[in-house]
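**Q** Spelled out, the chains give:
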Amino acid sequence: MFYIYCPYCKEHREEEEFHPRGQAHLLRPEDPENTSDEEWGDYLFFRDNPRGIHHEMWVHSVGCRKFFNITRNTVTYEILETYPMGEQPTITAETERVRKEQGVQAADGGWQTVGARPENKALNEETSS
Amino acid sequence: MTQTNRISAGGRIDRSRGLEFTFNGQRYQGFAGDTLASALLANGVDIVNRSFKYSRARGIVAAGAEEPNALVQLGARKDTQVPNVRATQQGLYNGLVARSTNGWPNVQRDVMSWVGKLGGNFMPPGFYYKTFMSPASMWMTYEKYIRMGAGLGRAPTESDPDIYDHMHHHCDVLVVGAGPAGLSAALSAARSGARVILCDEQEEMGGSLLDSRETLDDVAAVRWVEQTLTELGSMENVTLLPRTTANGYHDHNFVTLHERRTEHLADTASDAGFPGMPRARMHRVRATRVVLASGTHERPLVYANNDLPGNMVAGAVSTYIRRYGVVPGNSLVLSTSNDHAYRAALDWQEAGRKVVAIVDARANPEGDLVRQARDSGIRVITGSAVIEAKGTQRVSGARVSAVDLNHFVITGSIEDLECDTIASSGGYSPVVHLASHTGTRPQWDDKLLGFVPGEVKGLIAAGGVSGHYALEETLADGARAGRQAALDSGIESAEELALPATRKRRDGESCAIYQVPHEKKGLRVPKQFVDMQNDVTASAIELATREGFESIEHVKRYTALGFGTDQGKLGNINGMAIAARCLGRSIPEVGTTVFRPNYTPITFGAIVGRHCDELFDPKRYTALHQWHVENGAEFEDVGQWKRPWYFPHSANGKKESMHEAVARECLAVRQGVGILDASTLGKIDIQGPDAREFLGRVYTNKWAKLAPGRVRYGLMCKDDGMLMDDGTTSCLGDNHFLMTTTTGGAAGVLEWLEIWHQTEWPELQVYFNSVTDHWATMTVTGPDARKLMSEVTDIDLDREKFKFMDWKEGNVAGVPARVFRISFTGELAYEINVQANYAMQVWKTLFEHGEKYNLTPYGTETMHVLRAEKGLIIVGQDTDGSVTPEDLGMHWAIGYDKPFHWIGKRALSRPDTMRGDRKQLVGLKPKDPKVVLEEGAQIVLDPNESIPMSMMGHVTSSYYSPELDSGFALAVLKKGRERMGETVYLPMSDGKVHEAEVVSTVFIDPKGERQNV
Amino acid sequence: MSDVKEFQSRPTDTSRAESPLEWSLHEQKSLPHASNPGVILSEKPFMGQLILRGGAIVMDEAVREVMDMALPAKPLAVVSDDSGERSIQWLSPDEWLVIVPGGEEFELEQKLRQSLGQAHFSIVNVSGGQTLMSLKGSRAREVLMKSISYDVHPHAFPVGKGVSTTFAKATIIVRRTQEDGWELILRRSFADYCYRWLLDASREYGVSVTR
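Chains as they are written, first to last, in full-length UniProt numbering: chain A, 1 to 129; chain B, 1 to 1013; chain C, 1 to 211.
For reference, chain A alone in the conformation it holds in the complex (with noise of 0.2 Å):
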């Protein structure tokens, strides 16, 4: 169960008040007609589903009926921020490399499965895409 903040009641709400609604920052193409079939099944029905940071649209359907943006880590399922329609995100996953690189801990994550080989921990390794 996540603890959401919402951006627009200025404070935490239990999962059970929103609705996810999927990947966040899809454009629908500006002019349909001359978008290719191809392009369009992409806009349709192809999403992203990364390893590590994401960005999902959540709206507070119980609460102000307002649709605003998650990042998430989707290996730890930590929230690392939320905010409205129209902005973007601070938080990604090139700046998590970043970070990383700069050597400042990043969000540390549990594994769901847990008591790999030392020789599997690549399989474990976070990426960051």
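Just so you know, these hints were derived from the structure itself, not from any lab. From a predicted model like this one, the values you see are computed outputs, not experimental measurements. Every residue, glycine too, gets a C-beta built ideally from N, C-alpha and C.
Below 20 Å or equal to it, Euclidean Cα-Cα: the simulated DMTMM-like pairs (lysine to aspartate or glutamate) are:
(1) B/LYS718 / A/GLU33
(2) B/LYS78 / B/GLU158
(3) C/LYS169 / B/ASP613
(4) C/LYS169 / A/GLU15
(5) B/LYS919 / B/ASP880
(6) B/LYS898 / B/ASP690
(7) C/LYS169 / B/GLU751
Stretch by stretch, here's where chain B covers chain C in the computed footprint (C-beta under 8 Å, at least three residues):
(8) 13 to 21
(9) 110 to 124
(10) 127 to 137
(11) 146 to 152
(12) 158 to 170
(13) 182 to 195
Following the hints, put chains B and C in place on chain A, whose structure we already have.
**A** Okay, now just chains B and C, sitting in the frame of chain A:
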């Protein structure tokens, strides 16, 4: 029977309050303050169960949640049965009735022992699958008896008389465990002013301090517990939850606690004198910080026959003696790897019974407790271990030998010691379960010889669970954690807690010992149990590694190590150590398996809470519900709504069938006048200068020219071109519209409008608000509708002035109303909207005037027949998310030339949506008019085609039409519109094949004249 | 904004009105009456209720002019007039709930529309769609804790706060307009479910229902 093992003084029981209870049909006595386990041990009950797989006699091993054997079936009555209760966690009450969970037909003599004998000394993992494999058809039979024999607890066969509920909490600091660390953490956080919840799973708070030999501020440690609890209990910002197990640690510091509220008092809350009180409660806690002070579980040693009754973990022996005044035997041998376990021997001796020897695996133990034991005259055998327990129904002796742990062999000769109890301790495993529930990996600590919690955001481990075993360290670590948690949660300042003075105790180093070597090798070693609940032996783990299972997760699944209600509390680390030895790896390389919620079993009642019976799911009612009930309606669930399905008449004690009632209702509408409660339709008020533009973008058809006073039917698609909802929208003013949606689609459509407005077109000036519940809607329809309406309204109903697809406002039955001339029946129809608070008076007035027209209330079934006769679709019944407006033949409702690129338009020119062989909506007329086709029936063109047949489509709606006196159906059929007049076939599961003709979807009044009168 | 159809949906004779809880109370025959109730429930039916949508600044000017009250500016705030009979509650950055004594709502809507003039706004009458329930008593907070996951501790939920949240499996507005007790706003079609839930959750504390 007297309490032979009860000592005359000491413990935290109340000897003045005797309690009677029954176990396996035998009556016993215990005292207030006992657990069922301590009372059984007091009465000398050795065997409490038969083991799951080998059917071996089993006794009580531990004193808390880690107990693997003493699972009982609780409850005196059929309706109060609770399976899988640990006797060690069940408070004793007067009249308690319990039975062994395992051990059909009884625990003393066991029918299942043939299984063990058949397998001889060797019943490997996978035994059941390997042995009872063939014939496969017999497995169900075998399984039934194996399960009955194994016994996994029995579900109650009657409805639970108790109630359960949930409670939500928010706090700054949740402290899990009220032992020394938990208490000092709670006190430290509470004094800073933080909102604190302290929960503990035992009958009494205090944890290890309740049976401690140590002093705090020079008085018994338990006095400090009492003082601390008194202080915490008096604080407004503290919630104490005893008998409450933290069972699940979930994302973002959400913790589920399970509180036993009356389970320790009686079979039911009523029996306990608290009718109406929930028997158990699930607390759902959102904590800013969690202090995990769950302590440790002692590890038993893995030696031969270590499962015989009389084998216990050392700490449990101390607990039973010091807390419950019960010495569970007469003569004790203690086998240990550490100093702390020496307590058991000291307590045993002080209770006046014989300590035969302490067998210490270390060559040269020399801590304070060791010296104390030697000073008390106890024999200490060093460099040695108990390698095997002797006995049949109970321990009768211990075989002791010197051991070389590096080479895993015994050295020197074997000495046989006579005793009836063997206590063992292989060290302490921090109870890391909760910290692992969200997936964080526990970390191996070489010095502690155990796993400690990994880093978990928002969680602070304190005391034993983080490896602080000495009392002064535990207290200090708890205080630190409590203070830190308070500060982290936003409390501005928190003072350091002044801790009670402890007497320093010097403990020697422990040694690493898990499985004990034996003089025999391999399979000839008598069984050495690792996981007693699942009957997993050391040799089973060895076998698993030999058979190629290298991952600990695979070893677990092959052997069942750590399965079931046990979740590896006693056995996991020993099992991993054995796997590691066999694989030639270290324990951290092997790793642990995943611990999952729940930590201990929870009754389903507590999970369900009060979401059961009439409160299982909301039932939504319209303003007219009472009338429907009083007039005998049968109801249909439409989403959460209760809608009248049909209104059966009763005459001469005979009630109409649905078929009869629906036929009558249909004819009443077609020939006279009927009325429907349509209040459940979704209604959305849309205001704003861009409202019209917005409608044009979300509907497939045109809205630019709809004038105030007019109504239009609209289709709504998703951007993939598939129909998602439909309904009428009325233009109330140039910038004001009232949209209706399907009953089930109401919430979804409102969210749909919002998502497009908020994310794609925020520049459009428009607002949407639900008015579904504000308006009640009544449909008056049929040839006599105008006559009836004219009697109750001041609206001019002249057909030229109030045309089809117009709406007007006025009064109906004295109530301001909007009336819409729209029709879902194909007949003349008026849809009346009034504020819901006044709906009943309008409805009743209509019936007062309607009597002479035989005004007939009809329900959803009749509505379905009438609309299907007209070929009007129901989204979600005739469509399924893969149907475009073109597939439905609704080209007329698609505005391809609208200026804006409305939702769904682009997708309608994708190759797949333009495919020539798409399924299209058609009507079907069965050749035999008596046939009503099955909804969902598949359509084929050639009934003689061999299976698999080419399926061309299916029936979506099918009814009997009283007007046509025939069955009829709507269906989707490949190239359906090209097949008008063709015959298709519908093969049924009983071998019959129905024939039907493909016809138009409109069966009645094809020109639509009736609704236009 | 022009071209919106105002509509007085309240009849002159309201004597036969039925509140959303009519069916529930009717079905119960006699109302629960505990001797020493920890929980007291009573419906305040037929209040006038409007949803205001629009920009906060123009809306604030309008309600100041028409109602002599300030629009709650902070999220989750609810303000009442001196009599306690009229209130305005923040629901979202562009949405407020106004509750006034039954019968005042239509005139209020007309005045607000006049005051708001050509601004972009919306006013929707929802008086028939929801009802008020007062929840009082020494155990009222515990009943809420059984029913909603929102934090109702006085530190987190002072007087002057109101939230829209999940109530059991329904949605509800919970607010504290006064020191002693809570106001719940129940959606009409869910009112019976919420009422039954409240009775069930209150039973162990003793409950009385007054009309």
